[in-house]
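In numbering that gives the first Met the number 0, the protein residues as written are 0 to 133.
Derived by calculation from the structure, the hints in this document are not laboratory data.
The C-beta atom is built at its ideal place from N, Cα and C for all residues, glycine as well.
Keep in mind that a hint or two might mislead.
[Stated by the list, open to error] Ranges of calculated distance between the beta carbons of each label pair, as one might list FRET restraints:
1) 133 - 36: 29 to 35 Å
2) 85 - 106: 26 to 32 Å
3) 51 - 85: 18 to 24 Å
4) 75 - 36: 16 to 22 Å
5) 91 - 119: 14 to 20 Å
6) 95 - 60: 17 to 23 Å
7) 34 - 72: 34 to 40 Å
8) 104 - 124: 17 to 23 Å
9) 116 - 52: 36 to 42 Å
10) 133 - 85: 33 to 39 Å
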Amino acid sequence: MYSMTRSKIFLIITFILLAQISCFAPRQEYSDTTPIPVEIQIPAIVKREQELTITLTTEPSVTCLIVVSFWNSSNDWTGKDLPTIESDESGICEWRWEIPKEAKDGVGEIRGFVKKGEKRTDFIPKTFCVETCP
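Required output: the full structure, derived from the provided sequences and hints.
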């Protein structure tokens, strides 16, 4: 009988603790806002020390941020934040950038997001090849 009472108390305390812990879990909120559209263009193959144009198409007056990443000659994955810019009246964000000499042959990628007020859309990484594709 003593063991049965003890088990019930243990279960009650466990239940209360679990209920308290669940209050600290992040809450997911539903948003009926449509994500900001985004499309990015970059050449499929880029050459070292060649200036390339990266174009992101979205809505007008949207903040655009991208990071270009690649493997360098030391086999380190390196990322370069390009300047944050605002899209023009046509919804275009455009950067001109040169792939560094130390970039290694292989796959690179562009990641980033667009933001307008409280709305933000992260986009799926866009890949490209430096010199040759594996």
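Structure-based check of all given hints:
Under the hint 29 to 35 Å, the C-beta atoms of residue 133 and residue 36, about 31 Å apart, fit the expected range. At roughly 30 Å, the beta carbons of residue 85 and residue 106 sit within the given window of 26 to 32 Å. Taken as a hint, the range 18 to 24 Å holds for the pair residue 51 and residue 85, whose Cβ atoms sit roughly 21 Å apart. Range check, residue 75 to residue 36: Cβ separation about 34 Å, and the 16 to 22 Å hint is violated.
Evaluation of the 14 to 20 Å hint for residue 91 and residue 119 yields a pass: the beta carbon distance comes to about 19 Å. Here the CB-CB span from residue 95 to residue 60 is close to 21 Å, well matched to the stated 17 to 23 Å. At roughly 38 Å, the beta-carbon separation of residue 34 and residue 72 lies within the given 34 to 40 Å, and the hint holds. The hinted window of 17 to 23 Å between residue 104 and residue 124 holds, with their beta carbons roughly 19 Å apart.
For the pair residue 116 and residue 52, the supplied restraint of 36 to 42 Å is violated, since their beta-carbon distance comes to about 28 Å. The hinted window of 33 to 39 Å between residue 133 and residue 85 holds, with their beta carbons roughly 36 Å apart.
Against the hints set out earlier in the document, violations occur for numbers 4, 9.
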